[in-house]
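Asks: Position chains B, C and D relative to chain A; hints supplied.
There are 4 protein chains.
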Amino acid sequence: MIFFRNDYGEGCVDSIMQLLIKSNEESHPGYGCDEYSKRAAEIIQSKLPDTPSDIHFIVSGTLANLTMIRHCLRPYEVVLAADTAHIVVHEAGAIEAIGHKVFTIPNSNGKITPSSLERAYLRIIEDTTIFQVPRLVYISNSTELGTVYTRNELEKLSEICKKFDMYLMMDGARLGPALMSGVDYSLNDIARWCDIFDIGGTKNGGLFGEAIVITNPDLKPYFRYVQKQSGAIMAKGWLIALQFIGLFENDDFYKCAKHANELAKQIQDSAIELGYPMYMRSTTNQIFIVLNQIQYKYLKERIDFEIWGTWGNDTVIRLCTSWHTSQEEVDYLKVYMKEAMDQYVLSVQTEEEKEVSSEEKE
Amino acid sequence: MIFFRNDYGEGCVDSIMQLLIKSNEESHPGYGCDEYSKRAAEIIQSKLPDTPSDIHFIVSGTLANLTMIRHCLRPYEVVLAADTAHIVVHEAGAIEAIGHKVFTIPNSNGKITPSSLERAYLRIIEDTTIFQVPRLVYISNSTELGTVYTRNELEKLSEICKKFDMYLMMDGARLGPALMSGVDYSLNDIARWCDIFDIGGTKNGGLFGEAIVITNPDLKPYFRYVQKQSGAIMAKGWLIALQFIGLFENDDFYKCAKHANELAKQIQDSAIELGYPMYMRSTTNQIFIVLNQIQYKYLKERIDFEIWGTWGNDTVIRLCTSWHTSQEEVDYLKVYMKEAMDQYVLSVQTEEEKEVSSEEKE
Amino acid sequence: MIFFRNDYGEGCVDSIMQLLIKSNEESHPGYGCDEYSKRAAEIIQSKLPDTPSDIHFIVSGTLANLTMIRHCLRPYEVVLAADTAHIVVHEAGAIEAIGHKVFTIPNSNGKITPSSLERAYLRIIEDTTIFQVPRLVYISNSTELGTVYTRNELEKLSEICKKFDMYLMMDGARLGPALMSGVDYSLNDIARWCDIFDIGGTKNGGLFGEAIVITNPDLKPYFRYVQKQSGAIMAKGWLIALQFIGLFENDDFYKCAKHANELAKQIQDSAIELGYPMYMRSTTNQIFIVLNQIQYKYLKERIDFEIWGTWGNDTVIRLCTSWHTSQEEVDYLKVYMKEAMDQYVLSVQTEEEKEVSSEEKE
Amino acid sequence: MIFFRNDYGEGCVDSIMQLLIKSNEESHPGYGCDEYSKRAAEIIQSKLPDTPSDIHFIVSGTLANLTMIRHCLRPYEVVLAADTAHIVVHEAGAIEAIGHKVFTIPNSNGKITPSSLERAYLRIIEDTTIFQVPRLVYISNSTELGTVYTRNELEKLSEICKKFDMYLMMDGARLGPALMSGVDYSLNDIARWCDIFDIGGTKNGGLFGEAIVITNPDLKPYFRYVQKQSGAIMAKGWLIALQFIGLFENDDFYKCAKHANELAKQIQDSAIELGYPMYMRSTTNQIFIVLNQIQYKYLKERIDFEIWGTWGNDTVIRLCTSWHTSQEEVDYLKVYMKEAMDQYVLSVQTEEEKEVSSEEKE
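Protein chains in written order, with the working numbering: chain A, 1 to 362; chain B, 1 to 362; chain C, 1 to 362; chain D, 1 to 362.
Isolated chain A, as found in the complex (with noise of 0.2 Å):
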């Protein structure tokens, strides 16, 4: 079995494994208030050169969109999210846990455009019976699809937030393939535009983590007293900074990335060259293909993908790449998509010939 199951089956990047080894036996204070929290917050804002941030690290991602949230709105507020969003679909009602509702957008190829944006702001305004205010905007970049925001849309959505006075969030799990997919915007840029995201860790190279980065001044004061009363605080916080430095200082959050999205394209490219329908086109590291039941059978015994979901009666997988995937891997699945697709066309033809046979019987 080959993995591409998903982005974070494995540990970590060279550059972070010598990173713990180097500082295991050091003493540190604890909670995040080590030299190397101070650090690795250091590094980050050095990326963001336009915006002075505070900047914090919390171990995972839903945990670290709980918080965020948790610290931005008041009760009577609420978030805007895609339907696909990951706080929607796949966080356990963790949000509503917290006390907030989340209104859902219909997604356009996983994201919200900047017109739904405006539309489901005014319908949730202008009907005096709702009596909540919208205050929170979600978005993935990439998204859950594996679709990337363009530079064009960001800005529009900010300006929408700006203008109707609500915070943009970035979930940034998987940022990094998102910045390594083409696009003319760097992490300054986010800055510019976000009031709040994070920078994922976990599924581009780091054992876990995500940074948070707060550059709206109102969203500042605070932070850690509700990252404390979340449960977000790491007793020894050291640990999730070694992996923002292992990441940024040699720029592997980059590489990582890079490769992870080049691999995924190979993936693509062929799947579509092969004749397989896509169920999205991605520019990032996740890769949606539509399998018949021919071809599902072939390849599940062969590579472990996860399952998306189903389009009548075929089956929707998600192949994912990282950091830690091989080329060699890649070159096998090329293969195995190959003969799957074999298969199905093999079985497509000797019906067609049972058919012909028996109308020749006839």
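Quick caveat, the hints were computed from the structure, so don't treat them as lab data.
There may be inaccurate statements among the hints.
Identical chains blur together in the list; that is why a pair holds if it fits in one copy or across any two.
Cross-link-like lysine to any residue pairs, in silico, SDA-like; alpha carbons within 25 Å at most [unchecked claim]:
1. LYS162 with PRO221
2. LYS22 with LYS255
3. LYS163 with PRO221
4. LYS255 with ILE21
5. LYS163 with PRO217
6. LYS255 with ILE43
7. LYS220 with PHE164
Being a predicted model, the structure only gives us computed values, none of them experimental.
Replies: Frame of chain A, contents of chains B, C and D only:
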């Protein structure tokens, strides 16, 4: 500065680091559904032969506490805890943030006595205007003050809980030191007495991690759902499991605690011998000493410790040992404690001489 | 302006006012522990001979809904409701504020169909990444769109809930009109089908009040505790009880609903006859009519109604009757509706004539 | 049985009942957007000429408290309250259920003293491990023990709150009796001292209702949103407004309280004269008397009172007067108290005689 600030100031024991390195590039399913998580649970279960348990892993302590308590309680049910309990004084209102009130019981050396528990239970139940049901008794072992529950106390607390239909939950963030403090009970006994408890890795040789042990069959279903909702499932879940494999496969869990306790005992014995008043007599790895201002001033420049509080004009400090503390560090500490005491004695004598001489002058 | 805005625009029927006056200076124990509360519960219980129930009283609807749902659910359990449900669109996130997610099901004339319920249940349960348990199905009867569940639908919904271990909860804010809409079931049937439901007094002749009926024995304990915690026990609890004594002692509950339904039917019949498009065909006291701008402009100056939404360029309005609506008011309304239609027809003719004449000129 | 159990045992004063009857069949918009609600707010505002306020109406006390506190606080902010406070002991964890911790301050006759408030604030702020911000100080006036804050105390509490950026909130469930207890301040002063407070109708002549007064401009926006979300807006909102029109239009609010206080004073004076120990000296309508078992047994069969607690072997009872209590009832009570005391004295004498006679026998 010698480090006696806490027991979570360094990384992990070597057995865990080796596992991390060895497993780093293996591929695993996410969210704790991997083979290491299974194996870690099996090893821990093997320590609890009398009690078939469900075992889960959570990365840190407050997150573990809030997840366990959220899982156990209905909205109108409350926690009983000592007024010195971690959830009362050091978790930033995390329990209230998930909707539950904590009724505090005056501590006795950091512990809840059986009779005070019974009294607290009856007081709540008999007052018909309170409309709250005491359902979960939270105890820490060892306690926040370094003390340890006796077998007899735990048996009685467990009996009272069963009698009054309450869950007994043990916060085992420092369970290792408790078990190695000379008590006549083991993990297997704790599993029989408690409905749910956790075994702390963070403060006893691991990088992080609490192993949650659920023994009460009523509490087993759906724990993972609450865990997910609380942001308490790590993507690379095997990383927590590795901590517990490392700690329990070769008894490092016990060795670390034994080592820390022995060094702490030396410190406490030395302090007593030198004439320092003790804030609390400890049998584990946290030592609480009362320093006057001369001693405090002398020591704080040489030793990295935590200030616990004040006692009149004096300062209560906590000295903490861990798996990582060395005999050499303890020896230095003893020397410094002696010197601090000498300084004080000298200053008293000087003061007395001054008084004598000024009296003579008169 | 004639009042058709809602069914909670006036005080109460005379039977209740008489009880209020008569009992005003009697002395009672507080918090619903009085004789009137007992008697009101007995009268309601007498309508549910097949199902021994616990009956409580809560002053208003959102408070009743949030208390009932908080009482029924564990943190990871969610509500299934139509996307038109009151708790989804008109309660300001009250359910999320107590920590629970509401999964919405596309409505069919304001209702959940048995098949859509089954589908929604399976979709949640079969997706292993959701980590949420559907446990409570919320239906309104009559619905927010004036429609009513049939006996067959309720039997099937009840069956599905039992099969999948879910609670069926009916929001009976407008249960009176539902029961008097010609259905072949009674309160006694509803008690057999639902695990918990409420009977609305506010919108059917009372000053305020919902009678909460708990039929499922598992849900009976501790309801008052959740009620107290939610601020949902009134000091002078007998005041709510008086509403239900007044409504049920002489069948005013049924008479009020019958009266409102009959007048509503006249309005709907008249509107259809006049050629107005109906947004929804109702069998109860809420009528939804589509008005073009000429009709809208004409009517809004004569009738006090609620704007329900827009339909293309047209406006959907709701006309609501109640125990208090008079035949005279309905007669006026009919006249105005006729005039509004006449105006519109006239304007179309004028427009056509203009066109004809301008064509002739050419 | 004569009723001295509480001050919410009967309906309402006649002025309110007349308003209810008169307005019963008028038609109103819902949810407090009616003319009566506007007028009630205006009348109350006229009592607070120095402080432009937002005024809302909520049906009952716990609901008012939880709505106000939810509105004021961010997740990490906590309430400071006396350990005897209603929200601490009589509201079933309602404040914790909305996510906030209540730090208790040892009461001084039911009150928070300025110095104890300052100490409590500093204790929380200076401990860097607490991670909680004291933001709202909750006081009841009159207190749960019948005592009343002095002008000086309120001025100082208000100063401290301003100095430390905390909100001062007054629970005025029994504000009427406080204001008529002989204090040298008025509603207008309270509005200057408090950021938010409520004026209780339920316990002072109304059927129900708390008038919420928000004086701090920062707290004015969005209160109705939190109110709606908490289920704290009544459909027929004018009903609460009528209570306050009735109470304030002809000063019934003050007359009721004055009447209750005067009768209570008679009771307390009589009890003291008869030699009963007082649990607390009250200047309002709640009187706390200590009864031995003979007195208790005698009185409990003749008077309907509340048991407040125990004091050694004795029982502390609360006798409550209200707008509805009559001089005749108080006269009866005095007679019974005298008889109960006589019984006790007689029993002591008999006991002594027995002892004397048995001694003589020896």
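Asks: Does each hint hold? Answer for all of them.
Replies: Status of the hints after comparison with the structure:
Taking the shortest Cα distances, LYS162 and PRO221 sit within 25 Å of each other both inside one copy (20 Å) and across copies (20 Å). In this assembly of identical chains, the alpha carbons of LYS22 and LYS255 lie at most 25 Å apart whether taken from the same copy (23 Å) or from different copies (23 Å). Taking the closest pair of Cα atoms, LYS163 and PRO221 come within 25 Å of each other both inside a single copy (23 Å) and across two copies (19 Å). Taking CA atoms no more than 25 Å apart as the test, LYS255 paired with ILE21 passes in both settings, with 22 Å inside one copy and 21 Å between copies.
In this homomeric assembly, LYS163 and PRO217 come within 25 Å of each other (Cα to Cα) both inside a single copy, at 17 Å, and across copies, at 23 Å. For a Cα distance limit of 25 Å, the shortest separation of LYS255 from ILE43 inside one copy, 17 Å, qualifies, whereas the shortest one across copies, 39 Å, does not. In the homo-oligomer, the alpha carbons of LYS220 and PHE164 lie at most 25 Å apart both inside one protomer (20 Å) and across protomers (20 Å), since each shortest distance falls under that limit.
Against the hints set out earlier in the document, no violation occurs for any number.
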